[in-house]
Amino acid sequence: MESKTLKPILAVYIALFILFLYGPFIVLGIISFQQGPEGGPQFPITEWSTYWYRHLFGLTPPSRIAPLPVGEALIRSLILAFMTMVTATVLGVMAAQAFRRRFRGAGVVFYLIVLGMMVPGVLTGLGTSLLANNVVHIERHWWSTAFVTHVVYTFPFAFLVMLAIMNRFDASVEEASWSLGVSPIRTFRKVTFPLIFPGVLSAMLFAFTLSFDEFPRTLFASGRDQTLPLAIYGTFSVEIHPNIFAFGVMTTLFSFALLAVYGILMGLSVRRAKKMAMQEDIS
Amino acid sequence: MSAQNATKQKTATFRLLAPGVFWMILFLVAPIMMIVYVSFWTQTTFAINSTLTLDSWRNFFASEAYVGALWTTIRLWLIVLTLTFVIGYPAALFVGLLVKSKTLSTVLLVICVIPFWTSFLIRVLAWRPMLGKEGAINIILQKAGLIDSPIEVLLFSELSVVIGMTQIYVVFMVGPIAFMLGRIDRNIIEAARDLGAGFGRIFWKIILPLSLPGVVVGAIFVSVMVLGEFATSGALSGRKVNLLGNVIVTQVGSLKWAMASVVGVILTVLLGIVVAGFLRIVDLKREL
Amino acid sequence: MTHRDASFRLEGITRRYGELTALEDIDFSVEQSGYVSLLGPSGSGKTCLLRIICGFEKPDAGRVWFQGRDITDLPAHERGIGFVFQNFALFPHLTVFENVAFGLRNGAVSVAEAEITRRTAEAIEMVGLAGLEDRSPEQVSGGQKQRVALARTLVMQPSLVLLDEPLGALDANLRERMQTELRAIRERLGVTFLHVTGSETEALAMGDIVAVLDAGKIIQTGTPDQIYDTPASSDVALFLNRFNMFDGTLSDGMFAGPFGTAAAPVARHNPRDVYAIRYDRTQIFDKGAALPGPALTARFLASEYLGSSIIFLFETADRKTVEVDHHLSFGEPRDLEVGGEYVLSWDPAQAIVFGKGAAA
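Residue numbers (my numbering), protein chains in the order written: chain A, 1 to 283; chain B, 1 to 288; chain C, 1 to 360.
Any given hint could be a false lead.
As the list claims (entries may be wrong) - For lysine-lysine, the following DSS-like pairs were computed, each having C-alpha atoms within a straight-line distance of at most 27 Å:
id : chain 1 : residue 1 : chain 2 : residue 2
1  : B       : Lys-8     : C       : Lys-58
2  : B       : Lys-205   : A       : Lys-7
3  : B       : Lys-100   : A       : Lys-7
4  : C       : Lys-287   : C       : Lys-320
5  : B       : Lys-10    : C       : Lys-58
6  : B       : Lys-100   : B       : Lys-10
As the list claims (entries may be wrong) - Stretches of chain B that chain A covers, calculated by requiring three or more beta carbons in the stretch to come under 8 Å of a beta carbon on chain A:
id : stretch
7  : 17 to 31
8  : 52 to 59
9  : 72 to 82
10 : 167 to 181
11 : 259 to 267
As the list claims (entries may be wrong) - Not close to chain A: a few residues of chain B, all C-beta gaps over 10 Å, as computed:
id : residue
12 : Ala-65
13 : Ile-111
14 : Ile-122
15 : Ser-149
16 : Phe-156
17 : Val-162
18 : Leu-208
19 : Pro-209
20 : Glu-229
21 : Ser-254
22 : Val-282
The set of hints was computed from the structure by calculation and includes no laboratory data.
The structure presented is a predicted model; accordingly, all values stated were derived computationally and were not measured.
All residues carry an ideal CB built from backbone N, CA and C; glycine is no exception.
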């Protein structure tokens, strides 16, 4: 009874909702094909062209519009995201492993970790800069001050993902392994880790994406050299041109590629984890 | 448990947690305490020194602009929170509860999350050509004959900030709620229907309460992001909307660290009250 | 250390969880290899005891001895005691073969590849799983999973194997077959099996020795016959689900109960006065017939046919159910009228009497 009227209404609603979510993205996509270099970042489209995509890669004749300062910034963002991903995931796995047993102060530790995702970037960024400038007297760099702040932000996410995985993990396989004479360390390598690996992969993906797109914290904490979001922000105050939209489309495609890689890895990881545990010993 | 083994256990747990905990203390707790500390520092034109004073605090409360920013922040936060909830809940209901096949619901969730993968800043920017006088919305509405002249208030106003923020953050509301709804055992709803309960009743007594932890998590996510916002208000309101985050950024821009810290403390307190308030409603640790 | 020394001893094992005492001062020892059943209802602490012997948990007090060594502080992976889990705990990411070979591959002592293959194949053969080596655990049935778990443990050649309700997840038919097989395997290998179960028929059918556990304490140990014929307390008698039990008063060698009085020259010490007579020693008579012993009037409710015997259920005047088991080898059963009144009686010499006043 209730589903018959409710479901179609909500189905329409969800269609509108998705439209709402994608609206700016669609506009962004359309405008990226604006005529250049005179075309501006608004409607109407004077002429369809791929000018701005070519401009991104430096393939157009010089014009008064400066290319986006992305090259180095992109590399920095990638490296920073990678460093963050590794650190946050390792910390997350260790912390989740610790939480498998009850211990005193578990509540405090839990909220201390989760606090990291609840404090807005402006605040952690501000605080870190203050510390760096006035107490520790170091310069701010993307690979130091921004890095530690990124981990503060992503570690809780990795932790929560691993916690959810560990909760569903049946510990009796570990006990079975011990009873067969296999040491706890070896048990972790051969039994626990292969089974939690999909979770680890998700945690890594989360941490990487969050760091790659991370803006407020980095604004304060990264010092002279910019990461990608900072480079983009830098163009805000100046006139914007459709090249930034073309850039947005490219980064989205990059994200899709990342997601596809993740999907493939997930599919393979299940099979690979099994083989890993077996093959390695047979050889 | 014999004492020897209890200690062995504790060391293992300690070793696993120590790096993470120390990291958070050094790089999260210390910065926040630093902000509190510096808010009491003396501000000279371009520098600060550690002589303690209440000057910056007094300046904050004496200034209409700054206090105004506080009220604007709270007001905008409440509006966006309500909107994300009202708009997001039905979507979560559909995805989490009414879609039978698991693959379809995963696909829908992925679709909802994909926009999240475009750089945040670029998505903010994309609203300009949507909302402007010659923007997409006005063009469509005019072509459809619904309005005669373009709606001006869409861009560079508080409304544009609200629209932008709602669109960007609604996903954070949908996710947790859909997750909690998905965990509801359908048999409970079946049983209620067999007992004669109408949809309204089922919703109020079963669905809503069971989804509450998801609502709270979503509300916390949205609140944290909105309260800390400055990019969206900066890009879409043309300097008209000043949030606490904007104040911090501009203050830091002119090296007024003390004042920035004052605003930082106020923001922290505000956030603390909000999050603590939400956490009272639901014990998150249990839900996990 | 002899190869097949399966002796283990528990001394004063106590384990508490906060307010709850799971095990209290348990003393138990097994000298020679054999099949040991540990019988107890849920909550009796039997799984906890098993986990302490194997090393998954540490006792709050007491020591565990195995093969003459004190292993109480030894971690589980160094004890050399096998454990078969109730839910099998097979490694989901490995094949059947690799599951069985796991201990050989990853143990502290390095084993040559050829030997791993040989011993694994032998173990798989022994439990009757030949041909299933390449399947994954999801692809085999419950009974087969059981055998994989067994093979995995046995391939390590432990002298002591702990089995935690191993047959609980199997259907009745399979359970019976596995009972026979487990005994056969144990006998062939000459190791000790310590088998925990809540089913009294299973415990008594399988064990050479049976220990009865209740509320954290061992209340009787003995051969199945001893337990069945001479239960040490009315609680044990209750577990065995074999006796009609009546409350009453024991004094001066006479027991006064709902059946009148009966001679009770011998009694065991017990917290309460209880009179017990086996189901299959209770007999049915018509009213007025000559009786071998006390007379208990009861109304016939229903009967149940169990293949080789029939169960008759009666209800006494005070609404208590009394059961009579008639084994068909003793002749054809009587035709009884439902709702009819009959008299139940028995040879008082076969009754087991418990009394507060009896000598301890």
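TODO: Given that the stretch 167 to 181 of chain B was listed as covered by chain A, double-check it with a C-beta distance under 8 Å for 3 or more residues.
DONE: holds (count 3)
- [ ] Over 10 Å to the closest beta carbon of chain A is the bar; see if Ser-254 of chain B clears it.
- [x] holds (14 Å)
Task: Agreement of Lys-10 of chain B and Lys-58 of chain C with the hint, judged by alpha carbon distance not exceeding 27 Å - done: holds (15 Å)
Open item on the list: Does Val-282 of chain B clear chain A by more than 10 Å, comparing its Cβ with all Cβ atoms of that chain?
Closed with: holds (13 Å)
Open item on the list: Hint check: Lys-8 of chain B vs Lys-58 of chain C, CA-CA at most 27 Å. Holds or violated?
Closed with: Judged against 27 Å, a Cα distance of about 12 Å means the pair holds.
Open item on the list: So Phe-156 of chain B supposedly isn't at the interface. Is its beta-carbon more than 10 Å from every beta-carbon in chain A?
Closed with: Its Cβ never comes within 10 Å of chain A, the nearest being 13 Å, so this holds.
Task: Consistency of the no-contact label for Ser-149 of chain B, given chain A and a CB cut of 10 Å - done: About 16 Å separates Ser-149 of chain B from the closest Cβ of chain A, which puts it past 10 Å; holds.
- [ ] For the pair we were handed, Lys-100 of chain B and Lys-7 of chain A, check the Cα-Cα distance against 27 Å.
- [x] It holds: about 11 Å lies between the C-alpha atoms, which stays within 27 Å.
Open item on the list: If I take the minimum Cβ distance from Ile-111 of chain B to any residue of chain A, is it greater than 10 Å?
Closed with: violated (6 Å)
Open item on the list: Checking one constraint from the list: CA of Lys-205 of chain B to CA of Lys-7 of chain A, max 27 Å. Satisfied?
Closed with: Judged against 27 Å, a Cα distance of about 20 Å means the pair holds.
Task: Beyond 10 Å from every chain A Cβ - status for Ala-65 of chain B - done: At roughly 18 Å from the nearest Cβ of chain A, Ala-65 of chain B sits farther out than 10 Å, so the non-interface label holds.
- [ ] Compare the distance between the alpha carbons of Lys-100 of chain B and Lys-10 of chain B with 27 Å, and conclude whether the hinted pair is satisfied.
- [x] Outside the cut-off at roughly 46 Å; violated.
When the structure is compared with the earlier hints, violations turn up for hints 6, 8, 9, 13, 14, 20 and for no others.
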